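Trainee: Residue-level listing of the chains:
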Amino acid sequence: MVKGATVKGTTVKETAVQEATAPTADTGVLLKDMKVSRGMRVFRVANLVFLLVVVFLTMYPFLNILAQSFSSEGFINAGQVNLFPLGFNTQTYQLILADSVFWRNYGNTVLYTVVATAISMVLTTSFAYAIAKKDLKGRSVFIGIAVFTMFFNGGLIPNYVLITSLGMRDTLWAVVLPNAISVFNLLIMKSFFENMPRELEEAAAIDGLTQYGVLFKVVLPLSKAIVATMVLFYAVANWNSWFQAFLYLDNPDLFPVTIYLRNMIAGVTTAGSAGGTAENVGQIAANIQSVTIVLTIIPILCVYPFVQKYFFSGVMLGSVKE
Amino acid sequence: MAMRLEVPPEAVTTNPPGSKDKPRNKPGGWKLAIKRDWRLYTLVLLPLAYFAIFRYLPMAGNVIAFRQFQPGGSIFGEKWVGLKYVTLFINDPSFWQAFQNTIILGVLTLLFCFPMPIIFALMLNELRSQKFKKFVQTVAYLPHFMSVVIIAGMILQNFSMTGTVNQIANTVFGTTVNFTQDAAWFRPMYISSEVWQTMGWGAILYLAALTKVDESLYEAARIDGANRWQQTWHVTLPAIRPTIITLLILNIGTFMAVGFEKILLIYNPLNYQTSDVISTYLYRVGLESSNFSYAAAIGMFESVIGLTLILSANAISKRLAGTSLW
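Residue numbers (the working numbering), protein chains in the order written: chain A, 1 to 322; chain B, 1 to 326.
Rather than coming from a laboratory, the hints here were simulated on the basis of the structure. Remember, predicted model here, so these are calculated numbers, not experimental data. For each residue, glycine too, the CB sits at the ideal point set by N, CA and C. A few of these clues could be false.
[To be verified] Have a look at the derived ranges for each label pair, beta carbon to beta carbon:
id: 1; chain 1: B; residue 1: Q273; chain 2: A; residue 2: N195; range: 46 to 54 Å
id: 2; chain 1: A; residue 1: D253; chain 2: B; residue 2: A321; range: 31 to 39 Å
id: 3; chain 1: A; residue 1: A225; chain 2: B; residue 2: I34; range: 27 to 35 Å
Only chain B is shown next, with the shape it has when bound in the complex (with noise of 0.2 Å):
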């Protein structure tokens, strides 16, 4: 104790700042670095066995993809089977099928759920009232904090035979839907629910960067004559563009994920045709079927595409548009 002790007040004698930086990056530097940081090591230790273990070994454990595997077994599974599982979802047209509703259903929530929190934070932008934005802002962010559970809960219910929409669509055009059973209404019934969920909270990082943007701008836009409209397309717009790109790359990043915890809640055999994901796909396969390695390669050519599309999405925003997330 008394020696360690020491250590610190050496370190920082022997390392005046300014030349902090140097001596460190040197090859060899380590066993220095060790001696002055041990302990800021040890606070790393637990984080790394962490990503280590639930992070790392499943990425390694996507060999069984290609392996055969026993339950129980090793989780890199038996004995090398090579393509076979990856030629068999190819050959699959339910995955097809999985994979044609990923992407419409990933168009979509682009479509509608990405553009809507940004018109939401300028409309709230807008307001003249503070305490009436705080009001509006503090109900629209609720979903947010609700378990995927409930809001489950909630869309069943509302499109239920006596739920609301049924209530408006008797009132209206005489006529009722089997919104939760009938395929042809699963994605209005996903994206409007989504759209429900999400716009709140999404306007949350533009409203950050709305409160960024410099005041004086307005007003030389204002002396140049623009109206609130044009200053809204030439001083707002351009302000909080790197966010829209970034989340826009985020968003793109998420594309393949689409919904896997709420569409496993709402969805049901009748509706599958359009209902069912690559993610609640390999879900049935993998876990309800216990086709371990089958779905695992599904996962995995999920993955890639999904690292695929960040990574281009980073790369083209970069070039086009000089942001990128990294």
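So here's chain A without its partners, still in its complex pose (with noise of 0.2 Å):
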């Protein structure tokens, strides 16, 4: 509401001041150079103001689960934590980092994503590069297959009906298998390979490479950008899945990391066994969750600047097409 306010305020003043500069000034450059006027001025500090508010807004959640995961819980239950941690303690991080049930479903996290990943990639980049052949038979029946499933899909009963009779209930296929392809980053990696060269892939044929040696010795090592980005991607996503092991996991050693925060914020669980006296459990509850968020969220922070880089360069690809 400010900002459009603002906005308005800045139309009036600013038309004024253009009309009058504008005959003399007719190139954009040195308008910008010339005195700016007081409305835009006030626009730009109202526009940096706001933005800085979406950055603290944005951060504050994180902070604060910070900040909670290293305070006392007499302090989280008064409801006097916000940015900093009040009543210093480590005492959490060690019951967490010391419960072996967390360290196994986080190993079973790493497993799932590697797994899943490379399944992943696998059957998404052998499909896209023969989708990208203009001249294959049966292409547009192919394509037509994988985008009808973006806007239908079976439902989450007929899924569960199949994945059990499939017999993986409790396996690790039940969760890297069913979302194995993205056909968003299928239609990516599609549209990537489309915009190669083809004079490459030709030469190499006449080289005598059949279409497999062209895919593996001459356009994969052209496509390393766009295997790291469709990599993040894939390994981002199943990094944070917890559904698929939700519905189909019974088995506590099976579970990813994510289940064991599911169900500590569920109350099914308390960290591990040792989570304090009893009479207290319900209050220490959002200090050893917020510690468990911190430590799940650890890798995603590690790899987020790359990850963020790629992710943009990937979308931006995506949307080349359009």
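Got two chains here, each in a separate frame; can you build the complex from them with the hints?
Mentor: See below:
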């Protein structure tokens, strides 16, 4: 609301100023270097302030969790912890880090992420490469088969029934297979392959390389950027996923860490077996949850700078075609 | 092996560029296509099997909405029961409550979560310091990379009795509210967290579109005396209009599936009245109470509405705006 008002104020003043200056200054560069109108300055400041507020509000929940993870239960329970830890304590960290279930689940998350990403990459790359060939007979049918699933899916129950009857319950396959191909990723990769110069592949074919040879020796080495992007897309999605595991895994030894956290949030478990004395389990729940959240976020935060860059270029690639 | 190696050079010489597509589109061209491209077809096999098993089989599995289903029996059910389950949910008040909640949350999401990224992208675009812009973007994208479980944990903590929102409420109004359990507060809680989560990342496609706006258009506008606001209105917005429409269609397409995983994590029986949506209702009916056929009937209804929505949104935008997904 405030923004709208500022902008309107800008309109009036700016029009006056620019009407005066426009005849003499005929390029934008000149205008920029000349005195900026007061309205414009007000707008810029308001814009800056607004964006700083956005930054703060976005960061706040993370900082709050971090503060809570280091605070003692008394202060959390009194509703006093916000940006900084009160009653500094690292006991909960020690408690969780000593919990073997936590580590086993963490290990599962790593395993599922690696296996699922590998499977996804093999399937996505091979399909994308084939359907990127404009003269492949049946190509449009293949594309149609994939794209239709973006807009219509079987739904929760039939999927559940299927996975169960395939005997995948309580196995890794229930987590890594059902969502192996993301059609969105597939289409990004396809448009990347389509934009590769054809001459390269034709030259390689004349040199006697088979289509496999072309893919492995020519195309993939030139596609490192897109492959890296796709690996990150899939890896982040798999690292964060929980619902497949929640549906199909009953054995706590197989849980990924997201389920460990989910059960904690839902109050099904209290950290490990050692969740403090019985009478204040509810009280320290917030503290334990925060610690678990922090420990789960850390790997994501470590790769985030790279991920973010690749994600942006990946999305750019995907949007180029439209 | 040796024989197969001969094939590609042959194919290359018999198909000079230019006349490439013609022979293969003839009926009966399959033989030739397979002979020439069999390696490509082998690449397609596994992914096609994936789609068949994990995407199309469940679609067919929806027949259990019209059939009696026995857990452990055939995934396509045992015998036809006609519209039994459809009439069952049509007469189920809980279903209609979930239906209503879905519509309301969907509309609120479109109303609040759809425009925010556009505004955010435009504001970022006004920044002159590229470094600061990068910094804001980096921070704003962060929630997108968090697991929904973590997001849910943060929501529940921030809105808890001792959380930040209540700390503020206590300071400003002198009272606290049990946000996470009060049905009246579910929607504000859901929508505000949704905006928090999606605003930054949602801007990314608009920012991508903004980089492609022709700089000379702004220059022309400035020469015509347009101020910044008018430039935004007459140059920037029309330039990103196709992106806006594309994303709007996609958003309408996912309208029915509103935040299933998130709601499942943050709702509780005390706020079902406003928080229970079709997907969570069918989850409870199907997987917690094991009424598979009943839940499948609801799920099918949901999918069909979703498909209808996206098809009509696409058709409408094709006619009115000339932009469409296909």
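Trainee: Are the hints correct? Go through all of them and say.
Mentor: Okay, the hints, checked on the actual structure:
{"no.": "1", "hint": "B/Q273 x A/N195: 46 to 54 Å", "in the structure": "52 Å, holds"}
{"no.": "2", "hint": "A/D253 x B/A321: 31 to 39 Å", "in the structure": "54 Å, violated"}
{"no.": "3", "hint": "A/A225 x B/I34: 27 to 35 Å", "in the structure": "33 Å, holds"}
When held up to the earlier numbered hints, the structure conflicts with hint 2 and nothing else.
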